[in-house]
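S.K.: Okay, here's what each chain looks like letter by letter:
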Amino acid sequence: MFIAGVVGVLTRKNAIIVFMSIELMLNAANLSFVTFSSFLGNNIGQLFVFFVMTVAAAESAVGLAIIIALFRNKLTINIDEINILKW
Amino acid sequence: MTQYIYLTVVLPLAGFLINGLFGSKIKNEKVIGWIGSGAIGISFLIVLSAFFQTLGLPAEERQHIVSLFNWLSVGSLQVSIAYQVDQLSLTMALIVTGVGFVIHVYSIGYMHGDKSFWRFFAYLNLFIFAMMNLILADNFVLLFLGWEGVGLCSYLLIGFWYDRKFEKSTTSDAAKKAFVVNRIGDFGFLLGMFLIFLTFNTLNFNEVFARANAMHVSTTIYSFIALFLFIGATGKSAQIPLFVWLPDAMAGPTPVSALIHAATMVTAGVYMVARCSILFASAPAIMTVVAVIGLLTALFAATIGLVQNDIKKVLAYSTVSQLGYMFLAMGVGAFSAGIFHVMTHAFFKALLFLGAGSVIHGMHDQQDIQKYGGLKKEMPTTYKTFLIAAIAISGIPPLSGFFSKDEILWRAYANAGFIYWFIGVVTALLTAFYMFRLLNLTFEGKPRYDAHHVHPHESPKLMTVPLMILAVLSIVGGFIGIPEIFAGEHGNNFHGWLEPIFANAQIRLSHFGSHTHFEEILLMAISVIGAAASIYFARHIYLKNQSIAENTSAKFKGIYRLLLNKYFVDEAYDKAVVQPIFKVSESFLWKITDVKLIDGLVNGTASVIDVVSGKVRKLQTGVAQTYAVVMMLGIVAALFWIIYSL
Numbered sequence: 000m001f002i003a004g005v006v007g008v009l010t011r012k013n014a015i016i017v018f019m020s021i022e023l024m025l026n027a028a029n030l031s032f033v034t035f036s037s038f039l040g041n042n043i044g045q046l047f048v049f050f051v052m053t054v055a056a057a058e059s060a061v062g063l064a065i066i067i068a069l070f071r072n073k074l075t076i077n078i079d080e081i082n083i084l085k086w
Numbered sequence: 000m001t002q003y004i005y006l007t008v009v010l011p012l013a014g015f016l017i018n019g020l021f022g023s024k025i026k027n028e029k030v031i032g033w034i035g036s037g038a039i040g041i042s043f044l045i046v047l048s049a050f051f052q053t054l055g056l057p058a059e060e061r062q063h064i065v066s067l068f069n070w071l072s073v074g075s076l077q078v079s080i081a082y083q084v085d086q087l088s089l090t091m092a093l094i095v096t097g098v099g100f101v102i103h104v105y106s107i108g109y110m111h112g113d114k115s116f117w118r119f120f121a122y123l124n125l126f127i128f129a130m131m132n133l134i135l136a137d138n139f140v141l142l143f144l145g146w147e148g149v150g151l152c153s154y155l156l157i158g159f160w161y162d163r164k165f166e167k168s169t170t171s172d173a174a175k176k177a178f179v180v181n182r183i184g185d186f187g188f189l190l191g192m193f194l195i196f197l198t199f200n201t202l203n204f205n206e207v208f209a210r211a212n213a214m215h216v217s218t219t220i221y222s223f224i225a226l227f228l229f230i231g232a233t234g235k236s237a238q239i240p241l242f243v244w245l246p247d248a249m250a251g252p253t254p255v256s257a258l259i260h261a262a263t264m265v266t267a268g269v270y271m272v273a274r275c276s277i278l279f280a281s282a283p284a285i286m287t288v289v290a291v292i293g294l295l296t297a298l299f300a301a302t303i304g305l306v307q308n309d310i311k312k313v314l315a316y317s318t319v320s321q322l323g324y325m326f327l328a329m330g331v332g333a334f335s336a337g338i339f340h341v342m343t344h345a346f347f348k349a350l351l352f353l354g355a356g357s358v359i360h361g362m363h364d365q366q367d368i369q370k371y372g373g374l375k376k377e378m379p380t381t382y383k384t385f386l387i388a389a390i391a392i393s394g395i396p397p398l399s400g401f402f403s404k405d406e407i408l409w410r411a412y413a414n415a416g417f418i419y420w421f422i423g424v425v426t427a428l429l430t431a432f433y434m435f436r437l438l439n440l441t442f443e444g445k446p447r448y449d450a451h452h453v454h455p456h457e458s459p460k461l462m463t464v465p466l467m468i469l470a471v472l473s474i475v476g477g478f479i480g481i482p483e484i485f486a487g488e489h490g491n492n493f494h495g496w497l498e499p500i501f502a503n504a505q506i507r508l509s510h511f512g513s514h515t516h517f518e519e520i521l522l523m524a525i526s527v528i529g530a531a532a533s534i535y536f537a538r539h540i541y542l543k544n545q546s547i548a549e550n551t552s553a554k555f556k557g558i559y560r561l562l563l564n565k566y567f568v569d570e571a572y573d574k575a576v577v578q579p580i581f582k583v584s585e586s587f588l589w590k591i592t593d594v595k596l597i598d599g600l601v602n603g604t605a606s607v608i609d610v611v612s613g614k615v616r617k618l619q620t621g622v623a624q625t626y627a628v629v630m631m632l633g634i635v636a637a638l639f640w641i642i643y644s645l
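Protein chains in written order, with numbering that gives the first Met the number 0: chain A, 0 to 86; chain B, 0 to 645.
Calculated from the structure, these hints are not laboratory results.
Being a predicted model, the structure only gives us computed values, none of them experimental.
Backbone N, C-alpha and C fix where the C-beta goes; we use that ideal spot for every residue, glycine too.
Warning: the hint list may mix true and false statements.
Quick partial rundown of chain B residues pointing at chain A, CB under 8 Å, derived from the structure [as the list claims (entries may be wrong)]:
hint : residue
1    : Ser222
2    : Leu226
3    : Val622
4    : Ala623
5    : Gln624
6    : Ala627
7    : Met631
8    : Gly633
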């Protein structure tokens, strides 16, 4: 699941899909946190998941806002065309 | 009062700060002058009472150390601000504060009306502060502080009239010359200090000398130490080959010439050699070097003095010559005789300079003796005091110069040999001759100045009273050191007073054959008669029969020109040292090292970064996914590395 997220981030052109792939990676990490937590009988892992979910929610709000702002300026969300941050 | 000796250092410093910081606001010359002089006067009283207190003690208890605070503490190097009160430093301190006070008072009159009156007194006080540090120091570092301090003040005061012309250049050039030449000597002194620390692991005087007395150190090391210290002394005390700065130092105001360049600072080298007598005594070869250099300097400078026409120049070469005598005394192991001469010389040479200052003052800054003449009537006090000083320096009994000079000559004969004595006597005759040439051309004969424009006048009381004080000292100063053959069973008082300081050094020196009293009296008579004869000659030539002088100089034109141009030493140094340095600086240091090497390095660094960054910036594609790929690869690589290294 994590690898699927990574590949999505690296290959897809659409910024929203890239964004969803990032969520996929986060959730993959969450899943492994929960799994290991239950496997090792340690509650700290579950605690971490809550943190990750909170941060992910905030991050997705900010990320979507950036994508909207981008679209307003460039009329595209194809990340190959968003390359103004170069020499 | 011995424990309050530090006040003699603090008071001049306070005077310097008050005059230096607020002098320009005070405006009133009297106030400024008496703040400056008072600081020195009180210091003198303190030294005087400390002297009498010490005199009352038995000889073994006469050394005190007044420790103030710890200054430097680095590893095994411990340096404290501590002042050593003993026979030698007290003698020097008496000279410095006593003559210094008189000259300060004189300066109030001499500098009257100068636009930087306050600056002058601030510098003078700073000088006394540094000088007191130099002579009271109980370790080499503090001595070096004073040593550099007096050099600085000398520089400041030579260039005091920085807007005036001096000979072919300006006074600030003369000041720079003095400073640079002194630096060469200081460098030698520093090397000597390092070597002392390396050898004895301390820089405290008493410890160094105690260890030098107890430890076994090879003569080679002693020779190097003594040689380096002596190089320092040649710089400060204007000996061959570093004497060239002193004649130029006459660019400063005359009281400065009297105080710094005749009475006190230039004797610092002599003092230092006397202080380190045990180190010098352990290096016989260097002792000979000291004696020979001293002797040559004495003769060399005296011959130049014969033909100079600037009143202060004559006195300057005379100072160099007399300093040569002092080093001759040091070199033949007559340390106390050398210090004795330092003292009497301080009296009569300060008097000569102040007298010259009085003449220059009265003649509206004219310094050429060919434009003087017949000033006896207009300046009776100056004339009388000048005459006393001239007799004293010529070595006519019973004035002070006779006792000190003759003791040096006698010891040179007894300890070193006939030739030392002979050259010394020749120098003494030359000294008598040029002093009376100066005296006759200035005060006797017919006036040669333009009487319509120049109206010579006697100087104010503030200047003549110091002259009289010094004249009295020049007359009686010698009696504290009457040679043994005249003084009877008490022996030489001055010698006895200083003896404990040099006792260890005297043991190191090999003993010389005994000489009879008859020899001593004979030699003494020869030098006195010689001096009297050359005084008579000078009088004859320059008063009655001027043509002799002209004929002689015409006959020996080559020699005359050689002397007038001071053996072309300045020119030779210019060709041999100064010009090459300029050339090297310009063609190598500037055009190659600076322009090519340093600028090249700086610009090269910039252009390398420019080129590299031109390539590197292509990596910034601006496409976020490229970065993500690189980041991914990095993380994967890091993971692999962590897993494999586990």
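S.K.: Each of the hints needs a verdict: does it hold here or not?
M.R.: Consistency of the hints with the structure:
| no. | hint | in the structure |
| --- | --- | --- |
| 1 | Ser222 | 70 Å, violated |
| 2 | Leu226 | 67 Å, violated |
| 3 | Val622 | 5 Å, holds |
| 4 | Ala623 | 6 Å, holds |
| 5 | Gln624 | 6 Å, holds |
| 6 | Ala627 | 6 Å, holds |
| 7 | Met631 | 6 Å, holds |
| 8 | Gly633 | 13 Å, violated |
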